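Engineer: Use these hints to put chain B onto chain A, whose structure you have.
2 protein chains.
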Amino acid sequence: MTSETETIVLALGGNAILQPGQKGTAAEQRQNIAETAEAIVELIKMGHRVIVTHGNGPQVGNILLQNEAGADQVPAMPLDVCGAESQGQLGYMVGQALRNELRANGLPTSVAAVVTQTVVAAGDPAFASPTKPVGPFYPVDRGTTLGAERGWVMKEVRPGQVRRLVPSPDPVRIVERDEIRTLIAGGTIVIASGGGGIPVVEHPDGTLRGVEAVIDKDLAGQRLAADVGASVFIILTDIDRVTLAYGTPEQVPLERMTLSEARDYLEQGHFPPGSMGPKVLAVIRFLEAGGKRAVIAAMKDAARALAGNAGTTVTT
Amino acid sequence: MTSETETIVLALGGNAILQPGQKGTAAEQRQNIAETAEAIVELIKMGHRVIVTHGNGPQVGNILLQNEAGADQVPAMPLDVCGAESQGQLGYMVGQALRNELRANGLPTSVAAVVTQTVVAAGDPAFASPTKPVGPFYPVDRGTTLGAERGWVMKEVRPGQVRRLVPSPDPVRIVERDEIRTLIAGGTIVIASGGGGIPVVEHPDGTLRGVEAVIDKDLAGQRLAADVGASVFIILTDIDRVTLAYGTPEQVPLERMTLSEARDYLEQGHFPPGSMGPKVLAVIRFLEAGGKRAVIAAMKDAARALAGNAGTTVTT
Chain A
3 MTSETETIVL ALGGNAILQP GQKGTAAEQR QNIAETAEAI VELIKMGHRV
53 IVTHGNGPQV GNILLQNEAG ADQVPAMPLD VCGAESQGQL GYMVGQALRN
103 ELRANGLPTS VAAVVTQTVV AAGDPAFASP TKPVGPFYPV DRGTTLGAER
153 GWVMKEVRPG QVRRLVPSPD PVRIVERDEI RTLIAGGTIV IASGGGGIPV
203 VEHPDGTLRG VEAVIDKDLA GQRLAADVGA SVFIILTDID RVTLAYGTPE
253 QVPLERMTLS EARDYLEQGH FPPGSMGPKV LAVIRFLEAG GKRAVIAAMK
303 DAARALAGNA GTTVTT
Chain B
3 MTSETETIVL ALGGNAILQP GQKGTAAEQR QNIAETAEAI VELIKMGHRV
53 IVTHGNGPQV GNILLQNEAG ADQVPAMPLD VCGAESQGQL GYMVGQALRN
103 ELRANGLPTS VAAVVTQTVV AAGDPAFASP TKPVGPFYPV DRGTTLGAER
153 GWVMKEVRPG QVRRLVPSPD PVRIVERDEI RTLIAGGTIV IASGGGGIPV
203 VEHPDGTLRG VEAVIDKDLA GQRLAADVGA SVFIILTDID RVTLAYGTPE
253 QVPLERMTLS EARDYLEQGH FPPGSMGPKV LAVIRFLEAG GKRAVIAAMK
303 DAARALAGNA GTTVTT
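Protein sequence lines, in the order shown, are assigned to chains A and B.
The numbers in the working numbering rise by one with no breaks, and the one at position 55 of the first sequence is 57.
The numbers in the working numbering rise by one with no breaks, and the one at position 88 of the second sequence is 90.
Honestly, the hints are just simulated from the structure, not real lab data.
It is possible that some hints are incorrect.
If chains are identical, the list can't say which one is meant, so a pair holds when it fits in one copy or spans any two.
Straight-line Cα separation of at most 35 Å, DSBU-like style, residue types lysine-lysine; simulated pairs [claimed, not checked]: (1) K294 / K157; (2) K25 / K294; (3) K47 / K134; (4) K47 / K25; (5) K134 / K302; (6) K47 / K157; (7) K134 / K294; (8) K25 / K134; (9) K157 / K134; (10) K157 / K25; (11) K25 / K302.
Note that this is a predicted model, so its numbers are computed, not measured.
This is chain A alone, in the form it adopts within the complex:
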């Protein structure tokens, strides 16, 4: 499409780090991340500035489970701290793989993962109705008791098994945005806002405090993109294109859509809340905030998608 240098926020889907059916060993993650790094470096080779964000669902899930399993020996950490741990884990693994791939390509190897907090509004309606399941599955009895003890909202998510639900509030501001901008300006590939960022609320006196919640990583990626002034926002996922009437005989994969079409399709209920919905919403917000172009595409198609030859491109 264009050969000019663009600042791109790239949101990696879960399968960029862990494939369905894998258990989540370090070796599996390293292998997947090495392939992901190749795809990212394709974009960097074209001269673009890239900021990487990523999900943390399976990783923070495992950390929560480990916290629970060890709880009779060491104090379990709250969800915000576990999220921070997952940022350390993935920031390290993705950062190392990117540095290695950049070096293998003879490119400058400046990469940094920044521990990122994301401000959410204390009054966000999400706090009144937690919807996002996190952590281990418990048998109903045990889970109900535990939930009562800890003040957790529990829900039967499989017959006989309950899980904790936490709120999923809207991201308002990336706390470390200025520091991320400084690094980008210096030519660093930044990894930030992993898992949507560690959710914090800002008290009236300006004090930040962590909250037990989960922020959608694509919506946080949009905040990050807006906060750093990115012109392109790429959401990589496990499907080739955004598809209308997905899973029906009438399904229509879309090569392009306009902002107003995206709004209409979202309103018409084409995109499920837990999957494509937030991605399309993130894209809409990105364009509304002045972004030039957004793409939703499969991981493997990252470079072609940027050129408009794969995935779904959305423009005003």
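Structural biologist: Relative to chain A, chain B alone:
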């Protein structure tokens, strides 16, 4: 001593984050870290640029224990990844506390925790003789079997209980040094090299790979100080001053020592290898590498120690 702006690397001891006897709950850590942040902001108020590094012993110990406790459900992560998780945890908690304390003092609130790798030499002799105990205590039988299965070196550290030993190689280079410098130049308080940094070796082709080892956090702090060109290196710990013949009736607390005295005392065996030894060695290396002044002091005395009114000041 001086009112000019200095670039200071501040290495926090374990008790800056967790006090002896505490279990390590998030609430305990937050409380300690809030007090630590007050002490750090005292230095920032004086106009100095501060880079913070910290230990991670109790935190990575707990993460290893949680990994072990959950190992029948989710794959345990190797030590380098667990170290990265501890950097996320503490980078978040220390970063948030510093931001809050800066704001409370009406100061600019630019803080960032950078996930940090530290290069060690593949040929470091430490790899031939692991000395650093990490992770859970096991009964001899179980630990010996586990060690054999995983290729771990185990040692009986208490009667009837064994623990894994890992190498403690020398830090060679902070991988993210340029990015940390960029942030410092932009006025950001950087938290880096937590737990000595994630140990990585550099293969002949330049590829970085994590290794299961632990780098001394004060020696890594010195590398960081040299790599970012800090003029002052402050090591905060749980004793008031460096002391000769420590614990004997003849003990002599030192207000100052010269580089050559420090070398002599270290050679004469005044400082135990596991505690004051590496701190004094780190100070020696710092001054040898061109640093102006190093201080070893108690946490509570940070600001007074910088002024030469507490702790032990070491100069060439």
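Engineer: None of the hints should be skipped; say for each whether it holds.
Structural biologist: Hints, one by one, checked against the model:
no., hint, verdict
1, K294 / K157, "neither (41 Å within a copy, 60 Å between copies)"
2, K25 / K294, "neither (38 Å within a copy, 51 Å between copies)"
3, K47 / K134, "neither (38 Å within a copy, 42 Å between copies)"
4, K47 / K25, "within (32 Å within a copy, 49 Å between copies)"
5, K134 / K302, "within (28 Å within a copy, 42 Å between copies)"
6, K47 / K157, "neither (47 Å within a copy, 49 Å between copies)"
7, K134 / K294, "within (31 Å within a copy, 53 Å between copies)"
8, K25 / K134, "both (22 Å within a copy, 30 Å between copies)"
9, K157 / K134, "within (10 Å within a copy, 44 Å between copies)"
10, K157 / K25, "both (24 Å within a copy, 31 Å between copies)"
11, K25 / K302, "within (22 Å within a copy, 46 Å between copies)"
Checked against the numbered hints given earlier, this structure breaks hints 1, 2, 3 and 6; the rest are met.
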